[in-house]
Every structure is written in structure tokens, then in C-alpha cells.
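Chain residues, written in single-letter form:
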Amino acid sequence: GQSLEQPSEVTAVEGAIVQINCTYQTSGFYGLSWYQQHDGGAPTFLSYNALDGLEETGRFSSFLSRSDSYGYLLLQELQMKDSASYFCAVRDRYSGAGSYQLTFGKGTKLSVIP
Amino acid sequence: DAGVIQSPRHEVTEMGQEVTLRCKPISGHDYLFWYRQTMMRGLELLIYFNNNVPIDDSGMPEDRFSAKMPNASFSTLKIQPSEPRDSAVYFCASSLEISGVRGEQFFGPGTRLTVL
Chain P
1 GQSLEQPSEV
11 TAVEGAIVQI
21 NCTYQTSGFY
31 GLSWYQQHDG
41 GAPTFLSYNA
51 LDGLEETGRF
61 SSFLSRSDSY
71 GYLLLQELQM
81 KDSASYFCAV
91 RDRYSGAGSY
101 QLTFGKGTKL
111 SVIP
Chain Y
1 DAGVIQSPRH
11 EVTEMGQEVT
21 LRCKPISGHD
31 YLFWYRQTMM
41 RGLELLIYFN
51 NNVPIDDSGM
61 PEDRFSAKMP
71 NASFSTLKIQ
81 PSEPRDSAVY
91 FCASSLEISG
101 VRGEQFFGPG
111 TRLTVL
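Protein chains in written order, with our numbering: chain P, 1 to 114; chain Y, 1 to 116.
Keep in mind that the hints are not guaranteed to be accurate.
Reference excerpt, derived from the structure (chain Y facing chain P, CB under 10 Å, subset only) [stated by the list, open to error]:
#1 33
#2 41
#3 42
#4 72
#5 100
#6 101
#7 105
These aren't lab readings, by the way, just hints derived from the structure by calculation.
All values derive from a computational prediction rather than experimental measurement.
Quick reminder that beta carbons are idealized off the backbone N, C-alpha and C, glycines included.
From just these sequences and the hints, can you work out the full model?
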């Protein structure tokens, strides 16, 4: 089966940098996605890493180490609007070739304080 | 594009009643996913379709749950009979193969179901 671990809550100050970690256990790993969800809203896609290294998209970056089964989401220049839950999700061969099924972690609730 | 459309947005029903949730995926998307989100269990995949065909329904909790996709633009998730433990937010998501390859799914606004 699969399992993903991420911290349940993180608090950070406006303007600062925060890192949200995700470790996973799965077989036939394809890649790691990150999603953002505001309270009462729907998950929205942020980034995807299939290869080792850092992917940057504006203030957000995502990192993957396949050998360590580990990834993180880095949020820079935090803004109040970044207060939300952040989910890592794995895509793997668990459900067979050609599957685009995702398995989500439980999410990390980020609170940005003034 | 209007995005993924779900209806109703809120549903309150009594235990034992039938509930039908509806989803219209983004036009042209050939994958459709139904998820359930609760505080305890997080975001769980219930079932997904490819080109209107159910591919994996191993996440459907029990026989009370059923899902159909009669055409490319419409899917339903039915719970019969409903129970209080079914209370959750149900999301529908869709994707193209090219977006699915990079782990990108497009979620609808969700249906918040409360079973009394």
C-alpha cells in the first residue's frame, strides 16, 4: 500500500519562509504533487515533481528526493492569503500502468500570522 | 471554461434517504474522479472513470455507494440508504491524460453532505 506523512499544522509569520515536508512510502513511484486548499474551498494544483531537484513557480517551490522518498513545498514571502491547508499526493503504479490516480496525505494546515 | 461543476453545493438529508450527487467535468477531460473528504480520513478517492468507464472502484466504502457516468459530460454518485457517517464533503475532479501525467487534477467546488 501507500502512506504519506506530513505535519498536521505549521505557523509562520507574514513575510517569512516556510517549508512543509512530506515523506512517502509506495511502490513504483511516478511523482509527487502539491495542492492548496482554503477553508471551504476545493483543492487546487500547485506543483509536480517527477525527478529529483527543485521546481520553482513564483513564490512557491517544490523539491523531491526519490532516493529518500521525501519532498517539500517551500513558500517564500508569506502572505496572509497563503493561510490554507497543503496536501502532498503521490502518483504511482499501485493501481496499474497508465493510472493517474493520486493518493493524498492528510494535509498540513498553515497559519500565517502578522 | 466554467470548470468542474457540482450540484447540489449543500445537501441535508435524514438517515435512510437516497442521496444523488452530480458532476459535470471540464469539457474534453477524459478522466473523472470522485473523492470524499472528512477530518478523520482526509481526502479519499472513491472511484474514477476513464472515457466514461469505471476503472477503479476499490475506494467505494460499501454497496450503499454507486457511481455512474452515462456520458462524457455527466456523472452521479448515489448513496442509498444514507447514514450519518456518510456526512462529508464530496469532490469531483477531472483531468486530461496530459495533465494527469503530471499529477494535476481539476476539482469542483464540492458538495457538503449532512446526514441527520
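A quick look at each hint next to the structure:
1. 33: 8 Å, holds
2. 41: 8 Å, holds
3. 42: Holds, because the Cβ-Cβ distance from residue 42 of chain Y to chain P comes to roughly 4 Å (cut-off 10 Å).
4. 72: 16 Å, violated
5. 100: Nearest chain P Cβ about 3 Å off; hint holds.
6. 101: 7 Å, holds
7. 105: At 7 Å from the nearest chain P Cβ, residue 105 of chain Y passes the 10 Å test, so the hint holds.
Hint 4 from the earlier list is the only one contradicted by this structure; the remaining hints agree with it.
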